[in-house]
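Engineer: Protein sequences appear in the order of chains A and B.
Read in our numbering, the first sequence has 68 at position 63, and its numbers run on one by one without any break.
Read in our numbering, the second sequence has 164 at position 163, and its numbers run on one by one without any break.
One or more of the hints may lead you astray.
[Claimed, not checked] Examples of chain B residues lying across from chain A (beta carbon under 10 angstroms, computed): (1) Asp81; (2) Asn106; (3) Gly189.
[Claimed, not checked] One side only, chain B facing chain A, incomplete, derived with CB under 7 angstroms: (4) Ala74; (5) Gly78; (6) Arg84; (7) Ala85; (8) Val90; (9) Phe95; (10) Tyr100; (11) Ala101; (12) Leu109; (13) Pro110; (14) Arg112; (15) Phe215.
[Said to hold, decoys possible] Footprint (simulated), chain B over chain A, 3 or more residues, beta carbon under 8 angstroms: (16) 356–370; (17) 388–398.
None of these hints come from the bench; they were simulated from the model.
We put the CB at the ideal spot given by N, CA and C, even for glycine.
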Amino acid sequence: MILRLAIGSLWARALTVGMTVLAIALSVALFLGVEKVRTGARASFADTISGTDLIVGARSGSVQLLLYSVFRIGNATNNVTWQSYQDIAARPEVDWIVPISLGDSHRQFRVMGTTQGFFEHYRYRGGRSLEIPEGHGLDDLYDAVIGADVAATLGYAVGDPIVVSHGLASFTAHDDQPFRVAGIIARTGTPVDRTVIVSLEAIEAIHVDWQSGAQIPGQTTPVEVIRQMDLTPKAITAALVGVKSRLQIFGLQRWVNEYPEEPLLAVLPGVALGELWQIVGVAETALMGVSVMVVVTALLGMMAMIFSSLGERRREMAIWRAMGARPATILGLLVLEAVLMAAAGAVLGLALLYLGLALARPWVDAAFGIWLPIEPPAARELWVLAGVIGAAALASLLPALRAYRLSLADGMMVRI
Amino acid sequence: MTEPALALTDVAFAWPGRGGFSLACPTFEMAPGESVLLLGASGSGKSTLLSLVCGIVAADAGTVLVDGTDLGAMRAGARDRFRAERIGVIFQQFNLLPYARVADNILLPLRFAPERRARAGDAGTEAERLCAALGLPGDVLATPAGRLSVGQQQRVAVARALIGAPPLIVADEPTSALDAETQDTFLGLLFTQAREAGSSLLMVSHDERLGARFDRVIRLEEIVTTERLAA
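Input sequences plus hints: build the corresponding full structure.
Structural biologist: Below is the structure:
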């Protein structure tokens with residue numbers, strides 16, 4: 006009966022209670038949404054590379070190496086000579102090695118030179134390999150395989166010509182040597198979707214007439230001549246390495262890091278990701294902090310609402326007291342009302358979250374490559390909801406204690 | 002041989018703070034089943050006296066016996082329970098929780114008083130019987146109390162005070178919100194039902210015209226002395 010009366014009392018104040026519940030719901034949805042995006046982003050990042058034991062590049066920071074080699078964010082400060090690459094490839098621990106050459110672009114997308122090995126060894130989302138449902142892989146020198154986003158954004162189909170620009174955001178194009186879209190990779194949710202993949206030799210070929218980053222004036226070697234040339238690269242940007250036994254990872258890593266001919270760096274993708282999280286973690290914590298503050302604000306709003314309702318409810322409290330309710334019952338009643346409001350807010354917030362997820366998911370996936378899973382609330386989220394309800398109960402204690410004292414002083418005789 | 006329904010002896014009480022209002026009541030008794038009208042203007046100590054009788058506050062000195070039980074010997078929580086068990090309260094107006102159904106309003110005191118609930122028997126049927134006896138429409142129990150007229154609300158308050166037949170009914174100007182005609186009907190119903198339940202009725206009012214129905218009419222100043230110290 007007390008519960009029914011509490012619900013009745015809340016229902017009678019539907020407008021103010023509704024606003025309070027809505028505020029709690031929005032704050033809960035925001036908090037859980039931030040959580041979702043955060044874990045979704047982490048999972049998407051962690052899913053980007055799997056099966057690769059070491060990433061090798063010129064010596065810089067491990068996070069930087071990870072970012073430019075795997076996520077195509079930022080640039081390499083230096084290259085790895087072909088000689089070093091071959092020395093590493095010759096190590097007995099190495100099972101497979103895939104060179105990567107970056108630096109050119111097509112429209113807003115990066116161009117990556119690599120070998121057939123990339124399609125064989127690159128794994129994402131727990132061991133899935135790349136699939137080319139349309140067209141084929143890199144067969145000809147001027148074949149380009151494009152990611153799903155590239156195809157979708159630029160409207161490319163298999164067979165379309167592609168002209169690669171020199172450098173990033175540059176106006177000089179390698180228009181003397183156009184490529185052809187040979188295949189389109191099925192969507193992966195990784196940076197591969199936003200990459201144009203060509204062969205390592207092709208990268209070399211389009212730079213035949215170039216020196217120190219500029220085209221040699223007046224010199225254009227005909228394509229037929231280029232096809233006959235030795236197109237072994239002089240340098241690559243980075244290499245993905247798989248070892249024969251996981252036990253050998255650290256040995257090979259040390260060997261690469263101590264390589265005497267050239268300053269190189271080998272990192273474990275997982276370790277570098279961990280370092281990345283440490284950097285991103287500050288922003289994550291800040292974001293979490295903000296959303297916690299929003300929840301706190303909503304609860305403070307509820308507290309203010311209860312406080313302001315006490316004045317007009319003194320008569321009601323007096324009735325309860327006259328009927329034999331103890332001041333403690335009054336306190337419990339107010340806390341119960343707060344818990345009911347918070348619970349309604351939590352449930353509504355959860356509903357808003359799922360609605361928002363359902364609406365935003367395709368867009369977030371397309372724009373950021375972050376896949377937000379829609380699944381029943383995890384234990385952690387349920388704990389968050391329970392925490393919000395508990396915090397509401399705590400927050401309501403203050404006005405409830407005031408009501409307790411008021412009802413002690415007023416008794417059942419309120420003069421209004 | 003029977004215990005008085007209410008007995009105050011050498012009671013002294015002062016509100017903490019509140020401008021130092023204090024009240025003393027050397028002696029006052031009510032027999033079981035007796036109806037008493039206390040006449041007093043506002044500020045004459047009515048509210049304080051009722052608070053003492055209902056056990057909202059405890060006397061600083063002296064004894065307040067309700068149905069033979071000394072309220073002063075009880076802790077605050079026990080007094081609250083005792084009030085729910087033994088006393089039915091009717092206010093001037095705004096007696097009911099407006100958002101709750103009439104049935105919930107009537108049954109509310111039983112929620113805090115298991116013995117009185119047992120006395121009431123089947124509480125739902127009893128509430129129905131009281132409403133019918135008080136001339137309330139048949140479907141009133143399921144109606145939210147806030148939808149009723151003031152007169153109907155006062156009758157529901159009577160039903161709530163009488164359910165489970167508590168030994169003492171305390172009414173604080175229950176008719177002042179009603180017009181003269183309804184006042185009379187209301188008092189008639191209240192008296193009939195109180196007599197049927199065997200409850201004593203202590204009513205406070207400033208209206209001398211109500212006196213005719215009561216066994217005794219007492220002016221408040223005859224039994225209490227009050228003092229208000231300058232704040």
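Engineer: Give a verdict on every hint.
Structural biologist: Status of the hints after comparison with the structure:
Hint status for B:Asp81: holds, given a least beta-carbon distance of 4 angstroms to chain A, under 10 angstroms. The beta carbon of B:Asn106 is positioned within 10 angstroms of a beta carbon in chain A (closest approach about 9 angstroms), and the interface hint is therefore held. Taking 10 angstroms as the C-beta contact cut-off toward chain A, the hint placing B:Gly189 at the interface is violated, the least distance being around 24 angstroms. About 18 angstroms separates the beta-carbon of B:Ala74 from the nearest beta-carbon of chain A, more than 7 angstroms, and the hint is not met.
Using the Cβ-Cβ criterion of 7 angstroms, the hint placing B:Gly78 at the interface with chain A is satisfied: the shortest such distance is roughly 5 angstroms. Hint status for B:Arg84: holds, given a least beta-carbon distance of 5 angstroms to chain A, under 7 angstroms. A cut of 7 angstroms between beta carbons decides the hint on B:Ala85: the least distance to chain A is about 2 angstroms, and the hint holds. At a threshold of 7 angstroms, the smallest CB-CB gap from B:Val90 to chain A is about 4 angstroms, leaving the interface hint in force.
Below 7 angstroms, beta-carbon pairs count as interface contacts, and B:Phe95 has one with chain A at about 5 angstroms; its hint therefore holds. Hint status for B:Tyr100: holds, given a least beta-carbon distance of 4 angstroms to chain A, under 7 angstroms. Hint status for B:Ala101: holds, given a least beta-carbon distance of 5 angstroms to chain A, under 7 angstroms. Given hint, B:Leu109 at the interface with chain A, holds; its Cβ is 5 angstroms from that chain's nearest Cβ, closer than 7 angstroms.
Nearest Cβ of chain A to the Cβ of B:Pro110: about 4 angstroms, under the 7 angstroms cut. The hint holds. Here the hint on B:Arg112 is kept, as its CB sits about 6 angstroms from the closest CB of chain A, short of 7 angstroms. At about 22 angstroms, the closest approach between the beta carbon of B:Phe215 and any beta carbon in chain A exceeds 7 angstroms, and the interface hint on this residue is violated. A stretch counts as covered by a chain when three or more of its residues have a beta carbon under 8 angstroms from one of that chain; for the stretch 356–370 of chain A and chain B the count is 0, and the coverage is violated.
Coverage of a stretch by a chain is defined here by at least three residues with a beta carbon nearer than 8 angstroms to that chain's beta carbons; for the stretch 388–398 of chain A and chain B the count is 0, and the condition is violated.
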